[in-house]
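Each chain, written out:
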Amino acid sequence: MPDLGVYAAEVLSAYAVSIVLLAAIVGLSWRRYVRVRAALEEVEKDG
Amino acid sequence: MIALLRRDLALAIRAGGGFGLGLAFFLIVVVLVPFGVGPDPELLSRIAPGILWVAALLAALLSLDRIFALDYEDGALALLATSPLPMEGVAMVKGLAHWVTTGLPLTLAAPALGFLLNLAPAAYSYLFVSLLIGTPALSMIGTFGAALTIGLRRGGLLLSLLVLPLYVPTLIYGSEAVRRGAEGLDPTSALLLMGGITAGCFAILPFATAAVLRINLR
Amino acid sequence: MSRDRQATMSMWEFANPKRFMGWSRPVMVWTFGLAAACLAIGLVWGFFFTPDDFRQGSTVKIIYIHVPSAILATSAWFMMVVASVVWVVRRHHVSALAARAAAPVGVTMTLIALITGGIWGQPMWGTYWAWDPRLTSFLILFLFYLGYIALWEAIEDPDTAADLTSVLCLVGSIFAILSRYAFYFWSQGLHQGASVLRAGALAGDTEERVSNVYAVPLMVSMAGFFLLFIALVLMRTRTEVRARRMRALQVRMQRA
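Chains as they are written, first to last, in our numbering: chain A, 1 to 47; chain R, 1 to 218; chain V, 1 to 256.
Same shape as in the complex, but just chain A (with noise of 0.2 Å):
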């Protein structure tokens, strides 16, 4: 960990917020994505 100084919180926050908000937006999408394939597939398996 470099040296961050007075800021250190300030950068550590608002890597950590951004952070955790890209991987919301990434794992959301990534578990819809897995949930609508495996419903279709069911789905299509029916018609």
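If the Cβ cut is set under 7 Å, some of the chain A residues that face chain V in the computed set are:
#1 Pro2
#2 Leu4
#3 Gly5
#4 Tyr7
#5 Ala14
#6 Val17
#7 Ser18
#8 Leu21
#9 Ser29
#10 Tyr33
Treat the hints as calculated values from the structure; they're not laboratory data. In this text, a Cβ means the ideal position worked out from N, Cα and C, and glycines have one as well.
We have chain A already, so just place chains R and V on it with the hints.
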């Protein structure tokens, strides 16, 4: 088109609630503000232009979902679509009707409420003029928003979310015009810019609204 | 009148969505990979291997997230405008679905930009927020995104939703541009000008320009953000295409 306008005006005045409700809401919001920010006359005087504009804007918002609701539900809107009247004309008339029944009364009432907020004496005429120029834009923008949310449950909340950001330019120029007038500065540029927005709204939004109405009537 | 369209909806074979599904999978996978690489390189380089700024100290490191996310926030909206026009003119369903897919990514980018901007602003300007034209534009953009997403969610029929949201996107964009001018009328600027992309940004370290040392990892990070956006939109559009197909099949089965 005149007939449609007259009909809408008659409906609005008769069909209880809408007409006076906007004015009452305007009054209530203005009355609430001193309770919220404290009764210091100097503070109130400074924020009066903005508060009056915001209150008028919110009051105009109230009656938006009724613009198309009744006509949509009883099929009158579908009939209008098949009439020789162009949808753009219908949209514009609806916007004008809303203005005459909501925006115009608010404009007339505003100077009376200015006293409650200690509005600077010089500002009264500018308050009136700015609202006179700006409220038609609010009505036309609101008509566009109302068309988008026709027939939706909870449409009112969504309508507010869609329409309020669109109100921002008009609000900025309108309240700024009043502020400048209050300080004895020249508000012409603000009024002109706002006039431009209102004109633009009536040039473009009837077409957008008509397109939306046609989509919703499919 | 629009019932006939239902028949074509349920055919997987009609050109556009099928072809899209065909090429988008490999592209999506590669784009995710490249995005991850660029983000890793850009952010690690920027975070660990760049010096502190004379005036801003270590907070300058926030630039590697703040600037790309801000640029993406507006780029995403612009992409939605283009996609909306394509839908209105050419009626390519994939286009409408892509616009829908992009919105949540755009709103996330806007939120990241607003939050990192606020965190950066506190030590630099002494406040988390200021009603400055640029910040205010982003806040209004955030509201536009919310309205757009909400309208998609509120409307039952997918084609109607696509049409209405397209109109909203276009009208909203006109007002967004008007608002920009209104904000400058309304408030003086506090936020730094467009120094990053000015020509000669790589030329040297002057008061206004972003120094060479920061610019390169910033460009890499920006590339990473763009690639991530593309990858996410591809993935989400694929989801929307599948969801649409599923809905069509279910309707058809209900009728049978």
